[in-house]
Structure formats: structure tokens, C-alpha cells
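Line by line, the protein sequences are chains F and X. Anchor point for the first sequence: position 71 equals 105 in the working numbering, and the numbering is continuous, going up by one each time. Anchor point for the second sequence: position 309 equals 343 in the working numbering, and the numbering is continuous, going up by one each time.
Read the hints as simulated data drawn from the structure, not as lab findings. Fair warning: there could be bad hints in the mix.
When chains are identical, the list treats them as one kind, so a pair holds in a single copy or across two.
Here are the computed lysine-lysine pairs in the DSS-like style, where the Cα-Cα straight-line distance is at most 25 Å [to be verified]:
hint	residue 1	residue 2
1	K55	K197
2	K383	K407
3	K251	K309
4	K251	K445
Protein chains: 2
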Amino acid sequence: MFTVCCEAHTTKVSRNANMAKLQAGYLFPEIARRRSAHMLKYPDGQVISLGIGDTTEPIPEVITFGMAKKAHALSTLEGYSGYGAEQGEKQLRAAIASTYYGDLSLEESDIFVSDGAKSDISRLQVMFGSNVTMAVQDPSYPAYVDSSVILGQTGQFQKDVEKYRKIEYMKCNPENGFFPDLSTVSRTDIIFFCSPNNPTGNAATREQLTRLVQFAKDNGSILVYDSAYAMYISDDSPRSIFEIPGAKEVAIEVSSFSKYAGFTGVRLGWTVVPKELLYSDGFPVAKDFNRIVCTTFNGASNISQAGGLACLSPEGLEAMHKVVGFYQENTNIIMETFTSLGFSVYGGKNAPYVWVHFPGQSSWDVFSEILEKTHVVTTPGSGFGPAGDGFIRVSAFGHRGNVLEACKRFKQLYK
Amino acid sequence: MFTVCCEAHTTKVSRNANMAKLQAGYLFPEIARRRSAHMLKYPDGQVISLGIGDTTEPIPEVITFGMAKKAHALSTLEGYSGYGAEQGEKQLRAAIASTYYGDLSLEESDIFVSDGAKSDISRLQVMFGSNVTMAVQDPSYPAYVDSSVILGQTGQFQKDVEKYRKIEYMKCNPENGFFPDLSTVSRTDIIFFCSPNNPTGNAATREQLTRLVQFAKDNGSILVYDSAYAMYISDDSPRSIFEIPGAKEVAIEVSSFSKYAGFTGVRLGWTVVPKELLYSDGFPVAKDFNRIVCTTFNGASNISQAGGLACLSPEGLEAMHKVVGFYQENTNIIMETFTSLGFSVYGGKNAPYVWVHFPGQSSWDVFSEILEKTHVVTTPGSGFGPAGDGFIRVSAFGHRGNVLEACKRFKQLYK
Numbered sequence: 035m036f037t038v039c040c041e042a043h044t045t046k047v048s049r050n051a052n053m054a055k056l057q058a059g060y061l062f063p064e065i066a067r068r069r070s071a072h073m074l075k076y077p078d079g080q081v082i083s084l085g086i087g088d089t090t091e092p093i094p095e096v097i098t099f100g101m102a103k104k105a106h107a108l109s110t111l112e113g114y115s116g117y118g119a120e121q122g123e124k125q126l127r128a129a130i131a132s133t134y135y136g137d138l139s140l141e142e143s144d145i146f147v148s149d150g151a152k153s154d155i156s157r158l159q160v161m162f163g164s165n166v167t168m169a170v171q172d173p174s175y176p177a178y179v180d181s182s183v184i185l186g187q188t189g190q191f192q193k194d195v196e197k198y199r200k201i202e203y204m205k206c207n208p209e210n211g212f213f214p215d216l217s218t219v220s221r222t223d224i225i226f227f228c229s230p231n232n233p234t235g236n237a238a239t240r241e242q243l244t245r246l247v248q249f250a251k252d253n254g255s256i257l258v259y260d261s262a263y264a265m266y267i268s269d270d271s272p273r274s275i276f277e278i279p280g281a282k283e284v285a286i287e288v289s290s291f292s293k294y295a296g297f298t299g300v301r302l303g304w305t306v307v308p309k310e311l312l313y314s315d316g317f318p319v320a321k322d323f324n325r326i327v328c329t330t331f332n333g334a335s336n337i338s339q340a341g342g343l344a345c346l347s348p349e350g351l352e353a354m355h356k357v358v359g360f361y362q363e364n365t366n367i368i369m370e371t372f373t374s375l376g377f378s379v380y381g382g383k384n385a386p387y388v389w390v391h392f393p394g395q396s397s398w399d400v401f402s403e404i405l406e407k408t409h410v411v412t413t414p415g416s417g418f419g420p421a422g423d424g425f426i427r428v429s430a431f432g433h434r435g436n437v438l439e440a441c442k443r444f445k446q447l448y449k
Numbered sequence: 035m036f037t038v039c040c041e042a043h044t045t046k047v048s049r050n051a052n053m054a055k056l057q058a059g060y061l062f063p064e065i066a067r068r069r070s071a072h073m074l075k076y077p078d079g080q081v082i083s084l085g086i087g088d089t090t091e092p093i094p095e096v097i098t099f100g101m102a103k104k105a106h107a108l109s110t111l112e113g114y115s116g117y118g119a120e121q122g123e124k125q126l127r128a129a130i131a132s133t134y135y136g137d138l139s140l141e142e143s144d145i146f147v148s149d150g151a152k153s154d155i156s157r158l159q160v161m162f163g164s165n166v167t168m169a170v171q172d173p174s175y176p177a178y179v180d181s182s183v184i185l186g187q188t189g190q191f192q193k194d195v196e197k198y199r200k201i202e203y204m205k206c207n208p209e210n211g212f213f214p215d216l217s218t219v220s221r222t223d224i225i226f227f228c229s230p231n232n233p234t235g236n237a238a239t240r241e242q243l244t245r246l247v248q249f250a251k252d253n254g255s256i257l258v259y260d261s262a263y264a265m266y267i268s269d270d271s272p273r274s275i276f277e278i279p280g281a282k283e284v285a286i287e288v289s290s291f292s293k294y295a296g297f298t299g300v301r302l303g304w305t306v307v308p309k310e311l312l313y314s315d316g317f318p319v320a321k322d323f324n325r326i327v328c329t330t331f332n333g334a335s336n337i338s339q340a341g342g343l344a345c346l347s348p349e350g351l352e353a354m355h356k357v358v359g360f361y362q363e364n365t366n367i368i369m370e371t372f373t374s375l376g377f378s379v380y381g382g383k384n385a386p387y388v389w390v391h392f393p394g395q396s397s398w399d400v401f402s403e404i405l406e407k408t409h410v411v412t413t414p415g416s417g418f419g420p421a422g423d424g425f426i427r428v429s430a431f432g433h434r435g436n437v438l439e440a441c442k443r444f445k446q447l448y449k
């Protein structure tokens, strides 16, 4: 057949201007791209990835057994189930409530099961809409900022300061102990706060979180608290924002099984929206979140949810603690390495991330140098916000042999 | 401890005005609520649900075996994997492309694997943003309209006509053969179109879809085509919009394993965004959708994806055809029942939904009467849009015994 050559058809639909505001790609696919390019350049380079915080250790059998059992059951008349409740299965919601919030008088109905924290962060933004203002820790996990940009809550990116207009960046650095100086923070509707923090690895203390909750209360703000690394806490820092009195009236908590059970690929998390949290007109936030979940989501996979239930059995909990303990040992090895090399090293104690200072250097330069000379992928701190520049995040997720080998190479590079 | 009584704290965050526009609950949770209330009233009522289109038959073993195998593999060093590509595993994307789009020169990279069509409809809306206008079939699956309202694309709900301002409702009824009279449809940026249709069960013909694509092209619109029931087509109606020449320049296709493999609870679907689809400024829509998927989603569960691969093996495809065939037999039983009772009956031939006409009656009244007198849950047509009033959707998803029993009761009620 013969086709007359023609100009490509373009629709008359305008591209969403908010999408155009986004800078380059989302951070982690960009890291993956650079890793792939490096591997093409050095096919024999023995690349080790301590970049994206991706779990590497097998899921404990007690948990995968629960999922395989559920999969098989789906082939039987008695075990088959179709659509589940969008909010998650009752039994799993109850188990999350009692395991993680047992002493905090939160109930099954306050828990919304999700396919992971990242998805729920976006669903929360869709719920809040485009007319809210927001604050984030600087540096922070990029999904908070990027989802805010997509929803139209921000202005344009300002290249000179590497910030979006209308977002309040709360600087977290060694000088302030990685907790923002709230006296300098402007009032916003929403405050995203992650503790233990990704990327700095710092966990806020009870006293700091008490101040944060009071700050949110005084300003009438809603705190979106990301506790996805809570099981990594090794001291008496709070594991949930709801340990702070009054938090139920100001906070939402987002969490995940990803880093506890190796569920980064299985996909399971949850969000807590207490009934006490109210919009300015007295309308319960939980009611709107329920509507969002019912309308834009159909529940997490029933097999993943069976895995979640297995995670929260006594054997599952013990197995998860072992997984977490393994990565904590990795963290110690990385921290000792950089400390012995004379670097200022932060995080690590309560999180699987080590935050290494390279004063006066550009994060991307350091990232590139480490990759080029050691074949180890890290994450440049500035990818998490302008205050992250001069830092590198080293993830403790890796096989022991790889972590040891990476540390050996770091020692050769910086000796 | 003694607590001084105090007024509840309300935040100063305004409720998203778009959320407030939504009418009552999302349709299907509302049906579930009425069903539960009915069961409380009639504890011995033997309720049969032909309401929400929820699959009831066990998943074929060849498919659950694939998922159980993947679950077990996740406990091994060799079989473990963490974060997958947000767009889905390469192998699954390739299998979807070759199985469903093999002759249509769509590629692996045009396929975005999702946790289901409902989630992707919402992600598409987030991508389009609040400044687009949209059209829907009336009646239609409620997620299109509700997600549009949430994103702020619409005005208020007008109670008198049961429509949201700014949405173009394309009436589909027996008079026009359930295909809209496009000469009366105003130009919009986005056109949602579902074929085989939920709820009317009607599949558009090749000639109709050719006109629809031309209409979209002439108007510079983007067509979001929902083909989640394509495997139910029993005649030569197109199974994909991309069978229509030129569709790649105007259409996105959303689809799902839910109704083919009983994956309503397992959660797996896909969306096709061809590289040829461009915004008015020439920017590829696929690039923005990729950014959305990377930023607001972390991929479908790797176990569900293993299930998807099993679905697309030769044995899996055969097994899915059997599942579909079973529900098609149910559909025939329901159609024959209502036809024999003298009703005008639509749909059914190419879809697992039967659309029964009760001229001059309110859908909710018919719904309530059927539930009260036969303990069978159906879905009121008006729940899908004002043009659905006077109709009831009867779903063919059910065990054979239940379908036969429901039909017996229908015959008693309407004899």
C-alpha cells in the first residue's frame, strides 16, 4: 500500500502546565539511567548499587508462604475472592492497628491499606487539591515535591536557588541537627515530614516532634508524616507521630512494608487518617480520603495483603526484625568506613541511610567521581533538594559481600 | 488521668472544593451499603449479588501456580527482586504488546502495566490536570466522571438534570443503538469511551469507531478508550481502538486482567499510550504519562505481574477463554430470562452485562423492588448517569447456581 507522506497530527489538547514545571526526570529513574550508561562504558566494571534504597535480601519464608498459600487458594471455590474493600481487608487493617498503634487508641477504621507509600502520597495530594500550600524538609524524598508540582500547588522552578516557588523548604543540616528551625518556617497548609528521614537518616526526637505537632496545631496545618523507616529506629525516638499527644488532630501517617519485609516489589503500605483530623469547616479529612481511595484505587493486591498479614504474625514480626537487623549491620559497616576515612557522617543510627558530607563539592560531581572510580552507585544529595548539595546518600540495602566490597573501594579511593 | 474538656481542634486547611462537589458515595460502595442493610433486615434472605461486576470463579491453576511460584522465588537469593520498573516488567509489557496488539505495530514501550484500569484512569486525569474539558458516554462507568470532578475539570452538580456542569454527556440509548449522535456532541479535550460498554453491554462497531476516531481527530481531542471487556466480544467488533486506522494519533487505551482471569482482587491492568499521540505543542503524551507513573506509582505487584505472564502463556490464554466463556453462558441465561418475561433487553452479546429496560420507572425504585422481593442485588442504571434511568444492569458474574436461582426469582416476580 502507498501512503502519502504527511505531517504528524497533533491534538488540540494543551499539555498540563504543571507537568512542564517538573525538572528533568524523577530522581531514581535518572540514577538508573546513569548506572546503565556506566555499565555500557565499563562492561566489566562490577557495578555495586548503593543508590536507590532497594531491598536486596530474600523475603522470609514465613511471609512468602502466606502469599503462595493465598495464590493457590484463589484457584479454589472456597478460597477465591474478587474485589476487596478499597481500604484493605478488615483483618489486615486490624492487625496493623494493633501491631503498630496498639497503645495509641487508633482503630482498624483509621487504617487505609495501600499499594505503597509513594502511591498514597500522590492520593493525598489529589485529595488536598491545587489550592493548598506546602512545606517539606530540605532535603527530602522527591515524591513530596514532585507530586505537589503535578497537582499545581507550586509555582515555577527557580534555577538559581533550585527551588519551586510557593513551596516552603525547611532546611535540615548538621548545624540544626537535621531538624528545621521552626521559628523561620512560614505557615503552610500541609507539612510533609519524614522521620527517620530519607535521605539524611536522622530520626527526630520526642521533644522535636512535640514541637512540630505544636507548630502544626498553632498554624492550623496538616502534618503528613512519613514513617516508612520506623522499624530502623534503635533508640527511643518515636516510631509514630501518634506517640505525640494531640497528633491525631493534626497528622496523617504514611507507612510501608517495603523496607521491613523486602516488599519493594510486592507493594504494600498503609496510611493512618485519624477521625479527629478536621478541615477548617469541621469536615473529617478521613471521609474525603475514603472517597479518594474508593474512586481512584481498588485496593492493594489480595496476595500482597496476605503477605502483610503473615508479616504481622509473631513469626513474621520476628523475621522482619531479622531483615531490619541485617541492613542495620550493613549501615554500621558503611558508617565505620566513612568515619575512618575522616568524613563527617550522619544518619545511620536510626535509618538504613548514611549521609556523608563532602563540604564545598557538588553532589553530582561526587556521585560521578565515585561511580567512575569505584563503580559504586550512590545518590547525590542535591537530588533531594538544594540543602542536600555537598552530601552523598549511601544506602545500606545490599548483599553483605557487596557492601564490604564497596567499602573496600571507598577506602582505596579516599585513603 | 484527668482531661479538661475542650472543643475539638480544627485545622485551618480548606477542604478541597472539588471533593465537596461529589455526590454521595462512589456508586459501588453505596450498593454494598444497601446490600448490607438488606442482609441485616433479612438475615435468612439468601442474597445473590449480580450488582457490582465482581468475578466469582476461581482463577485457573496455571495462573495461580505462576503467582505462587513467584512468591516462593522471592524467598531465594536468585529469585528475589525489589523495585521493578514503574512501567512494568519488560517481559510482561512485551507479552501484552504481542498478544493483544501484535498486528497493530504497537511496541513493548507503548504499554504501561498498572494495578488496574481504575487506578490508571485516575492517573490519566492527574496527568491531564484541571484545565481540560471532557466528554463521557451517558451512561458510563462512574470513575470517569468522579475522577474528573476530583481533578477540578467540572463545575457543580446540577440536581435537576443530574449532570455536572462542563462535562459533555453523550447520550447512549436504544434509539441511537447506544452510540452517541456525534453531530450533537460539543468538542472537548478528552473523550472517555468504553466498549464493550459498562453498563449497557453494547460494543461499538468498526464503522462507529471509525467515525469516533475521525471525530476526535477533527476536534483535536484525545480519546481515552476503555477496553476492559474486549475478550467478551463474540462478533467482529474491534477489540482495540488501535484496529482503527489513525487511532494512534488520537487514542489511549486502558485495559485490565480483572474480568478475563478473575484478577479483580489480584490487581493488574495496562494502559497503551502510543508515541504518536501529541499535545498541541507537539509534546508526546507518553512522556508525561511516563513521568506520572514514575512519580505517583511504583509498579504493580511483582507477584501479580507473574500472574499476568502466566495469563498470556498458551495455557493461560486458553484458561482465560474458558473463564470468559463461562460468564458468557451466564449472560445468555440472564438475557433469555428477561427476554422471555417480555422485557426489552440490551447488551449481553459482547459483554458480561445485561441492560434491562423498565420504561418510565426510576432505576433506584426498580433496584429496591428487586432487592426487597427477590433478594437479588443489581445495579440501578441511573447510577451510571442520567440516561441510565429506567434501566437496571444485571451482571453475569456469579456462580451458575446463583445465576439460575436469581433468574428463577426474576421469573416469579415478573411472571
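**Report entry** Hints not upheld, ascending by number
**Finding:** Hint check: 2 and 4 fail, others pass.
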